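> Sequence:
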Amino acid sequence: MNTVLITGVTGFIGRYVAREFSEAGWNVVGLGTSPPENAPRQDLNNYQQLILPSTELVDIIQKIQPQVCVHCAGRASVGLSLSEPAADFSASVDVTFNLLYTLRNYASGCRLIYLSSAAVYGNPESLPIRETHKPSPISPYGFHKLMSEQLCSEFFKVYDQPTAIVRIFSAYGPGLRRQVLWDICRKTLTQPVLKLLGTGNESRDFIHVRDVARAIYTLVEKAPFEAEVYNLSSGIETEIKSLAELVLSHLERKINIEFDGMFTEGNPINWQADISRIAQLGFTPEVTLERGTKVYAQWCRAEVVGW
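First residue of the sequence shown? That's 3 in our numbering, and the numbers climb one at a time after it.
If you're looking for bench data, these hints aren't it; they were derived computationally from the structure. On a predicted model such as this, the values are computed, not experimentally measured, just so you know. Worth double-checking, as some hints may not be accurate.
Below, in silico cross-link-like pairs of lysine-lysine (DSS-like), each with a Cα-Cα straight-line distance of 30 angstroms or less [as the list claims (entries may be wrong)]: (1) K189 <-> K224; (2) K256 <-> K136; (3) K296 <-> K256; (4) K189 <-> K65; (5) K243 <-> K256.
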């Protein structure tokens, strides 16, 4: 039986990745910072609670000898990276180097998938964004993701460690308690007016987290693992004002939407991905924004108001 090691398995994306591999019949070993009772134990054959980098990682990798490692660990907040850049650097760049170094020495054939971010692009010059678009991050989070990508390239080119990089755009789904969709849902359910940042003309390219997990498994089956980069999203640009209107309809709320017109430091204005490269491997997103936001809105209702 093949073994996959998932770092950050107790995080938002890590949980879905664990489910995808478990349903495919893999032996799934997860690492996370949460106590065992908060880990997705039904999808894990083994779980280790630890904070990376850790000296325990060597023993774990020597013991399980994974064929694949999906690196989901790390902070996922532009705001926190601006206020705490040192902590973001440590959780991103330091951890990624340590993981690559340990795999190279104790499981050299293990294929690593690194979960990067569209934040490496910053404000693109044109849409849709191809993987060949010059990176131009505008936040410490984006810079640190780009540095970690370069580490993946280094370990492939210098040490023949097989790696692949996915630049995830705006992932969402049940379990996500941050970012714009959570903000819209929470405020819609609790406030008389939906007050949001920006102008409403800002846009994002959303992808459901189930499709993220499916795409990662597609890479395991078909990618060459030569430190190549893949955009991962739906390929559809959605303005925030349209997203807010969609959520209001799902939650059957008739309230006004107000935007403060303020620019948020570190956040790009418009995003849309060109996903033709990963599509060539056979991946196509399945969850539409209409369907995905409807399910997410109902999950938020249960989280926020209890029914």
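> Compare the structure with each hint and give your call.
Consistency of the hints with the structure:
The straight-line distance between the Cα atoms of K189 and K224 is roughly 42 angstroms, outside the 30 angstroms bound, and the hint therefore fails. The straight-line distance between the Cα atoms of K256 and K136 is roughly 42 angstroms, outside the 30 angstroms bound, and the hint therefore fails. Of the supplied pair hints, the one linking K296 and K256 holds, its CA atoms being roughly 16 angstroms apart against a limit of 30 angstroms. Using a Cα cut-off of 30 angstroms, the hinted pair K189 and K65 is violated, with the two alpha carbons roughly 47 angstroms apart.
For the given pair, K243 sits about 14 angstroms from K256 by alpha-carbon distance, which is consistent with the 30 angstroms threshold.
In the structure shown, a violation is registered for the earlier hints numbered 1, 2 and 4, in ascending order.
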